[in-house]
Amino acid sequence: MAQYAYLSKPDPEWLRITPLIPSLYTTDIIEFRKIWDAKHNRANRKVRIDDAQKVIVKEHKIIGDAGHSIPCRTYVPTTKPELGETPEQAFPLFFWTFEGGNTSSFSSKPTIKTEITCSGPAHNMRSVDYRKAPENPFPAGIDDDYAGLKWALANVENISVDVSKGVLIGGVSSGGNLTAVMAHRSLRDHEVRGKITGQLLLFPLTISYNACPAKWKSELLSMEQNKDDIICSKVTVKLYTDAYLGGKLENGFNPDFSPLLEPSFVGLPPVYIQIVGGDPLRDEGFLYDKLLRGWCSNQSGRISNKLAIEEAFAYAI
Numbered sequence: 001m002a003q004y005a006y007l008s009k010p011d012p013e014w015l016r017i018t019p020l021i022p023s024l025y026t027t028d029i030i031e032f033r034k035i036w037d038a039k040h041n042r043a044n045r046k047v048r049i050d051d052a053q054k055v056i057v058k059e060h061k062i063i064g065d066a067g068h069s070i071p072c073r074t075y076v077p078t079t080k081p082e083l084g085e086t087p088e089q090a091f092p093l094f095f096w097t098f099e100g101g102n103t104s105s106f107s108s109k110p111t112i113k114t115e116i117t118c119s120g121p122a123h124n125m126r127s128v129d130y131r132k133a134p135e136n137p138f139p140a141g142i143d144d145d146y147a148g149l150k151w152a153l154a155n156v157e158n159i160s161v162d163v164s165k166g167v168l169i170g171g172v173s174s175g176g177n178l179t180a181v182m183a184h185r186s187l188r189d190h191e192v193r194g195k196i197t198g199q200l201l202l203f204p205l206t207i208s209y210n211a212c213p214a215k216w217k218s219e220l221l222s223m224e225q226n227k228d229d230i231i232c233s234k235v236t237v238k239l240y241t242d243a244y245l246g247g248k249l250e251n252g253f254n255p256d257f258s259p260l261l262e263p264s265f266v267g268l269p270p271v272y273i274q275i276v277g278g279d280p281l282r283d284e285g286f287l288y289d290k291l292l293r294g295w296c297s298n299q300s301g302r303i304s305n306k307l308a309i310e311e312a313f314a315y316a317i
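Under the UniProt record's numbering, read the sequence shown as residues 1 to 317, first letter to last.
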């Protein structure tokens, strides 16, 4: 969107951090995974949390529709007697989908960022190790993630969840993509419809680079304006999109990958969208917000533009 081009100008604070950030620029998935894993490992080594932020981590597996095993991880806050909490305390559910371009992400160990997020304000946080591309192309990732969400909603007594306190789904970048798709899927699923109370989309991918209709081309300009972004470049977006689509670019037109192409947004739960001015995906976020406001009266004023310091943090330390 031309009116947002000024957001591509780097903030002085961002320029001070940039030299510390290893570039994600690569055209090789294996190399991308190595860089990605190193980022998470570096953050886990250097950041410590205090006892008040400790959580209980539970790992188990569920069975997917194809009979395959899907590893899942649940983070449960430790109860605080001084706040009147008991060991039997049940919490709101925050179903979190990691970033990583659908090709990488679920750490072999719990991440510091997730533990801190889970501990305050207290809520049960759950994530799924969905199958990764290119070994398992579209729609494997979204199918596994949604299966994990449905299992959680059907088994709340096993994971210390009280859905009456809220069910929030959220994710970053490609995780934001899967989150948006799950919200749309839930509207067509009588077992889930109405249970999700909110969405958190952090700089989400909302449309495949090859699927933009002519009517939106003048609005989606950030892919070129920010093509050399150090964290998420145009080359990187194409790399993991092609990997996830498995060489079948026609799948980019499927709303299960490009939620901007959904025919209706009516009934979606309230959403907060965070957008990064220097991100190639910036304008997709603004357009998604525009369509939400057009379809839904409950979708207004829930958008922010940030420096993405949170995302850069794990690279820079």
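Just so you know, not all the hints are guaranteed correct.
Said to hold, decoys possible - Label-pair ranges, simulated between beta-carbon atoms:
| # | residue 1 | residue 2 | range |
| --- | --- | --- | --- |
| 1 | ARG193 | GLY67 | 22 to 28 Å |
| 2 | GLU191 | TRP295 | 19 to 25 Å |
| 3 | GLU157 | ARG293 | 35 to 41 Å |
| 4 | GLU157 | ILE63 | 17 to 23 Å |
| 5 | ILE35 | ASN210 | 33 to 39 Å |
| 6 | PRO134 | ALA2 | 32 to 38 Å |
| 7 | ASP228 | GLU250 | 27 to 33 Å |
| 8 | GLY67 | PRO12 | 37 to 43 Å |
| 9 | GLU157 | GLU250 | 41 to 47 Å |
| 10 | ALA38 | LYS215 | 25 to 31 Å |
Stated by the list, open to error - Mimicking DSSO-like on lysine-lysine, the simulated pairs with C-alpha atoms at most 27 Å apart in a straight line are:
| # | residue 1 | residue 2 |
| --- | --- | --- |
| 11 | LYS150 | LYS61 |
| 12 | LYS58 | LYS227 |
| 13 | LYS290 | LYS34 |
| 14 | LYS215 | LYS195 |
| 15 | LYS238 | LYS195 |
| 16 | LYS9 | LYS217 |
| 17 | LYS150 | LYS215 |
| 18 | LYS227 | LYS195 |
| 19 | LYS227 | LYS215 |
Just so you know, these hints were derived from the structure itself, not from any lab. Yeah, the Cβ is synthetic: ideal placement off N, Cα and C, and Gly gets one too.
Going down the list of hints, with the structure as the test:
1. ARG193 x GLY67: 22 to 28 Å: Holds, since ARG193 and GLY67 (Cβ atoms, about 26 Å apart) stay within the stated range.
2. GLU191 x TRP295: 19 to 25 Å: holds, 23 Å
3. GLU157 x ARG293: 35 to 41 Å: holds, 38 Å
4. GLU157 x ILE63: 17 to 23 Å: holds, 19 Å
5. ILE35 x ASN210: 33 to 39 Å: Hint violated: Cβ distance 25 Å, outside 33 to 39 Å.
6. PRO134 x ALA2: 32 to 38 Å: About 35 Å separates the Cβ atoms of PRO134 and ALA2, which means 32 to 38 Å holds.
7. ASP228 x GLU250: 27 to 33 Å: holds, 29 Å
8. GLY67 x PRO12: 37 to 43 Å: Given about 54 Å between the Cβ atoms, the range is violated.
9. GLU157 x GLU250: 41 to 47 Å: With Cβ atoms ~42 Å apart, the hint holds.
10. ALA38 x LYS215: 25 to 31 Å: This hint is violated: roughly 41 Å between Cβ atoms.
11. LYS150 x LYS61: holds, 13 Å
12. LYS58 x LYS227: Not OK: LYS58 and LYS227 at ~39 Å, beyond 27 Å, violated.
13. LYS290 x LYS34: violated, 36 Å
14. LYS215 x LYS195: The given pair, whose Cα atoms are some 34 Å apart, is violated under the 27 Å limit.
15. LYS238 x LYS195: Given that 27 Å is the threshold and the Cα spacing comes to 34 Å, the pair is violated.
16. LYS9 x LYS217: holds, 21 Å
17. LYS150 x LYS215: violated, 36 Å
18. LYS227 x LYS195: Distance ~38 Å between LYS227 and LYS195 Cα, so the pair is violated.
19. LYS227 x LYS215: holds, 22 Å
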